[in-house]
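Protein chains: 2
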Amino acid sequence: MKSYPQRFNISRRAVLSTLAVLPALASPFSLISSQAQSTRSGDPLPSWNDGPAKQAITTFVKETTDQASPKFVPAAERIATFDQDGTLWVEHPIYTQVVYCLDRVPAVVEKKPELKSVQPFKTVLSGNREAMAKLSIRDLEKILFATLSGMTVTEFNAEAKKWMETAKHPRWDRLYTELTYQPMLEVLRYLRDNAYKTYIVTGGGQDFVRVYSEKVYGIPPEQVVGTAGGTKYGYGKDDKPFLTKEPKLLLNDDNAGKPEGIHLMIGRRPYAAFGNSTGDRQMLEYTVAGDGARLSMIVLHDDAQREYAYGPANGLPDTKVGTFTQALYDEAKQKSWTVISMKNDWKRIFAFE
Amino acid sequence: MKSYPQRFNISRRAVLSTLAVLPALASPFSLISSQAQSTRSGDPLPSWNDGPAKQAITTFVKETTDQASPKFVPAAERIATFDQDGTLWVEHPIYTQVVYCLDRVPAVVEKKPELKSVQPFKTVLSGNREAMAKLSIRDLEKILFATLSGMTVTEFNAEAKKWMETAKHPRWDRLYTELTYQPMLEVLRYLRDNAYKTYIVTGGGQDFVRVYSEKVYGIPPEQVVGTAGGTKYGYGKDDKPFLTKEPKLLLNDDNAGKPEGIHLMIGRRPYAAFGNSTGDRQMLEYTVAGDGARLSMIVLHDDAQREYAYGPANGLPDTKVGTFTQALYDEAKQKSWTVISMKNDWKRIFAFE
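Chains as they are written, first to last, in this note's numbering: chain B, 1 to 353; chain P, 1 to 353.
Hints are computed from structural coordinates only; laboratory data are not their basis. None of these values were measured; they are calculated from a predicted model. Incorrect hints may have been included.
Treat identical chains as interchangeable: a pair holds within one or across any two.
Okay, derived cross-link-like pairs now, PhoX-like style, lysine-lysine, Cα gap no bigger than 20 Å in a straight line [what the hints assert, rightly or not]:
hint	residue 1	residue 2
1	K333	K240
2	K333	K343
3	K333	K347
4	K215	K112
Based on the provided sequences and hints, a complete structural model is requested.
The structure is reproduced here in structure tokens:
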């Protein structure tokens, strides 16, 4: 069994750069803003500039939904999968879920005071960013296990939901759920309007993403595939059964784990897949390897002004594992995956712009 | 990690009684007959006799779908889960999938001739039913692993599909897929017509059931939760990726594994659940423990004439683990699960009657 952190693909450098900009642990309260709606004009993708990326999406939908087309796909088989971090919302400077785990440390220590003077909890509690930046992967593993397991499923859902309603991204001072990409929300809706079942297939925690997926993306919990830990069935004092989250990895939903997870949870090969990093490589390969019309698309973060620019494909150093490498870029070209340039293909990035 | 056979709940006695009635390995060819449709009259459950079981179903649907009802459930949350073996189709004298595995042995040995003289394969090939009946659980485990893993997902699907189109049940001389319970097919359709998402939650193999679930039950592969093995992503000579079925258990979807599997694969607690054996106990408990209107129902096999009568609740000896025990019957009464008597509640059992 592999352990959680391996799949979170966090390098110490990423943590270092993150901690410098993290907000204080306690976040101000505010409510989730309502989701921006794309205009229901004739154009289903109004936030996209005309170009090969937009064209690839609309052509794919037309070809697979027109009964007269040789590439027609029956409605029941229309499956589309989306990576989350960096594909549907901002992943920089660090995955939102890792921020959540760090934020949960005080509450965990309150319940288990013996951890107060134990590393790495002592360091996280100190608030000393320089010391936190030096935490090892092993330390982060301890933090993830301590904050993502040991509670009931109901308790976890309530905690994560509450956090998502208040925690903000330091750069924009906005809720993380506002930092979804408006052009991708339009793709989700466009595909669903054409009878596609849309799934999130994320390296992030399945239970975490399920807490907000319906509200934020219109994707129900049962259509979220992610890295998943086990649960344990037990009984309370009142004889009522409940499930407890266990520190045991069932599905490492990244890299080859993505097509494996798709087989486990969906059982069909997707017709369309969207990603943005080497962690999505196998999902994109697996999707286009199917018969008939298949669409694999990959988001290139090349817009430092409106969002971020990172990865060797931008001539920038690789700041973390799992980014858009030159090798991935080359494979995209070779295998006819369509690259989405945030800078050139997206009229706007966020709904609030 | 537990191994496959533990969850198949097969006792040697069950195997013994089965082998006596098994058809020859090679089955005559025929096509899957079209599914009988329930009449779309005013009565959504025409194969049910009036009584508390039918009443429980219709009351539940009315209460949870009427917006004026205090027990109204939003459409997006309407989840119903069904055990398969003994709940949706015949499980006697032995699980269909085990018959499949025994039937696959000659093909496996053809590819690996070294197994020919190795036990338990030698015994299965001999066709000596008396010797086969003496196979141990460990032997059966070897057969299940050999016949359910090692091939690509595509190969497995093709093999299982072909078998399902030809193999017949010895008692009725009909395809196994014809031995679905007509009253339960009506319940599935009735729930779906009322915006419920219907899931199979089976102790049987997830990949096996997914092969025919859409055709037989109208349930798509992604709504089948079952005992699942891992897969491994790899590349062929042409650089095309494929998934290979591994002899590794990921989800043991029986007993406590059912609510755990429901959490993993669906992420929501069902509003309605249907089962027939101790393997369904935790799923039924978990379902009714939720807030609001919840329905847990359990099929009692008390009709030896039209189907089978078995289990202590019928005053009969327990011929296998996982049957309808007296303790389960008592819990059903205590927890307000509704017992479905095949003999009294069902006008007819099969569509072909």
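For this session: Run the structure past the numbered hints and jot down the numbers of the failing ones, going up.
Result: Going through the list in order, the structure violates hints 3 and 4 and respects the others.
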